[in-house]
Amino acid sequence: MKANIYVKKRVAIVGAGMTLFRRRMLETPQELAWIATRRALDQAGLELKDIDCVVSGSAPDAFDGVHLKGEYYSEGAGAIRKPHMRVYVGGGTGVFVAIAAWWHVASGLCKRVLAVAEEKMSSAADPHPQAVFRHIWDPFMEKPLNPNLIWIFALEMHRYMHKCGVTKEDIALVAVKNKRNALDNPYAQAAANITVDDVLNSEPLVYPVNRLDISPVSDGAAALVMVSEEWARRLTDTPIWVEGIGYTLDTSYWTNRELSYPVYLKNAAEMAYKMAGIERPMKEIDVAEPYDPFDYKELHHLEGLGLAPRCKAAEMTKEGVTQRNGDLPVCPSGGLLGVGNPIAAAGLMKVAEIFWQLRGEAGKRQVKKSATTGLAQAWGDLMQIGTVVILRR
Amino acid sequence: MTSYIRGGTPLSDDEFKAVIKEIDRPKARYNMAAGIAYSRFLEGLKKGEILGTYCPSCRLVHIPPKIYCPYCFRYISKWVRASDEGKVVTAVISYLSATLEKLEKPEIIGVIRLDVPGYRFTSYRFPGILHRICGASEEDVKTQRIFDARVKARWLPPDKRKGSITDIECFEVIWG
Amino acid sequence: MSIGGKPYIREIEMEINAYHYTPGPIGLKWLEGLKKGSILAALCDRCGLKYIPPKIYCPRCFLEVTQLVEISGKPYLAGFTVVYKDFDGNQLEEPIIVGLIKFEGIEGGLIHYIRTQPERVFIGMKLEPVFKSERRGSITDIEYFRPA
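Protein chains in written order, with this note's numbering: chain G, 543 to 935; chain D, 58 to 233; chain U, 478 to 625.
No lab work stands behind these hints: they were computed from the structure. We put the CB at the ideal spot given by N, CA and C, even for glycine. Errors might be hidden in some of the hints.
[Claimed, not checked] Capping the alpha-carbon separation at 30 angstroms, the derived lysine-lysine pairs in DSS-like fashion look like this:
1. K123/D with K219/D
2. K705/G with K162/D
3. K512/U with K78/D
4. K144/D with K808/G
[Unchecked claim] One side of the interface only, derived from the structure: several residues of chain D facing chain U at Cβ under 7 angstroms:
5. S60
6. Y61
7. R63
8. T66
9. A75
10. E79
11. I80
12. D81
13. A85
14. M89
15. A90
[Unchecked claim] Distance windows between CB atoms, simulated:
16. G587/G with Q201/D: 52 to 62 angstroms
17. E711/G with A90/D: 43 to 53 angstroms
18. T617/U with K74/D: 15 to 25 angstroms
19. S912/G with T617/U: 29 to 39 angstroms
20. K74/D with I622/G: 26 to 36 angstroms
Chain G with its partners taken away, still in its complex shape (with noise of 0.2 angstroms):
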């Protein structure tokens, strides 16, 4: 896929903020949105009059149960006599609320505009908020077998698990591994001292998927402030520019591919990396954040995002490569497995926490090696978007 990009403007964040992610909060669905933009805003060092525009992006409103539900958080995402914009493609969606966030300003429409991702599952409590998945399904080829939601999942793990020769002990590595990471960090729900055996050996869900596979259903947002050059420069001294960006769409019809493989991943990052002049990702991204709602994701992704040869993402982990004191450092955060899943604001979590690596901001979570480039990366939908966002100092 060839990008044809005109950028008018250099963008630059210069400030990220979230709330805790835990599974039940008391705050509404607009005061989740307002701690987070405040404290970007603080971080940013601006006040809610300097914004020129908002992008706002949140899973369905079938979640926080109420209709509209981007209007509604609407005033603590500051965006009443705003430009205001909602986004969602699904889990994809925190990455895509900072693309769209790029658009705003890298066309010269904005000068400087807030990403909010919000999210409150806990709503949705009868009888549960998994339960909103049900109309994922197509009604009349998958509907009547009553499926759950998790079959997706297990049946794509079984595939790279077959096709790769990948075991679940070496997928298990990465539930420990990204556990044990979000111990540091302190906006985490489900951070963890966890071994091999406590994954294999927690509840089969659907073979091959056990619970300790999967992240856990949280309420959460997050928040970044993003400027054009001129006004990166004014307001600190370390703006974070977003060199690339990339986004693809592949289609829901997932029985008829391949699942091995994230082909539609492979072009959205493509896309990054044409824009960012990256050549060859495996050296010169030095931190990432792939999206990580289930263990074997991450290295699914991975691969798909150029980071791992194929097949050899679970080799990588296994040697250490992906700790944070290793070569490529990946969720360093804890990423959704130890930090929590608010489906949009988790996205937007992966680019707040390479924003604040590049910044050596990540206090104990910092990665040992110098990082001056990194990736977030988030999916969604029927296993079918792919968004990518570079980050550089």
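Model the placement of chains D and U on the given structure of chain G, informed by the hints.
Just chains D and U, lined up with the frame of chain G:
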């Protein structure tokens, strides 16, 4: 500590129940139209046939069928009949029902790649559907023996078919 | 283009049985105020704005708000509508009046029922709340507003 300083106010399960004052039950119900392609496909299932549509310029058979080809975007008018045999692309064992309750008897679910006599497909794009798999044990799935196994549809008797994907009870493994 | 076969329709219900809504930290205290029989407003101690419904940030200066204060201003009717049919289109026995109630000196307002004859209602009318005897901490602890 205020909400801003702490970053939110987490609640336990009991604390959550204590603060809920308003509960609302949505009431919408939906009628989904099958559309042109699916209506014909479901009629075919009632007769015991699995139908698909064929795009001559991409040389792809679409099952589930569509009246347009999503790759070249042309209108498709040619219908073909797939055999009710195929092979297992991937399979899993489900211990949970759709509402997350434990199933009495675990189900084996898989993606089945269907044969269409006279046509060949790449490994990347092929006609395939989700369905139950029978005649296989949990061991077959866990040892990955079930991958690439040949399967054949087990149909409900003609008078029990309603024009639904469940007119096929499951795909039975042909070991051999 | 001919339609091949009967159009098949499949009936589907909503995914979620019920939603449980949390009121937020300051909303929770406001509802407790209603249970005790008083309507409170949030107060921003930076810009002095008093507003209802309350939330943890000031809509004007976007900073954190934690205080609730008694409302001294009197409620008045800022807008109203008279409803003659129910949700399904059947004629109501008695028309219902729904009004936007604002308080002097307070930003924002409440929506609630106004109990009086439709001919008597006018914008600017002074009102008073009538609370239920049994209260549970909800906007419905106020049964209706009536002319003061």
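Now the hints, each set against the structure:
1. K123/D with K219/D: Holds - the C-alpha atoms of K219/D and K123/D are around 21 angstroms apart, at most 30 angstroms.
2. K705/G with K162/D: 28 angstroms, holds
3. K512/U with K78/D: Judged against 30 angstroms, a Cα distance of about 12 angstroms means the pair holds.
4. K144/D with K808/G: 27 angstroms, holds
5. S60: With a closest approach of 5 angstroms, the S60/D hint holds.
6. Y61: 5 angstroms, holds
7. R63: Not OK, violated: R63/D not within 7 angstroms of chain U, min 10 angstroms.
8. T66: 6 angstroms, holds
9. A75: 10 angstroms, violated
10. E79: 5 angstroms, holds
11. I80: Result: holds, 5 angstroms to nearest chain U Cβ.
12. D81: 5 angstroms, holds
13. A85: 5 angstroms, holds
14. M89: Interface hint status for M89/D: holds (5 angstroms vs cutoff 7 angstroms).
15. A90: Nearest chain U Cβ about 6 angstroms off; hint holds.
16. G587/G with Q201/D: 52 to 62 angstroms: Holds: the Cβ-Cβ distance is about 56 angstroms, inside 52 to 62 angstroms.
17. E711/G with A90/D: 43 to 53 angstroms: 47 angstroms, holds
18. T617/U with K74/D: 15 to 25 angstroms: 19 angstroms, holds
19. S912/G with T617/U: 29 to 39 angstroms: For S912/G and T617/U the Cβ distance comes to about 60 angstroms; the hint is violated.
20. K74/D with I622/G: 26 to 36 angstroms: 33 angstroms, holds
Comparing the model with each numbered hint stated earlier shows that hints 7, 9, 19 do not hold.
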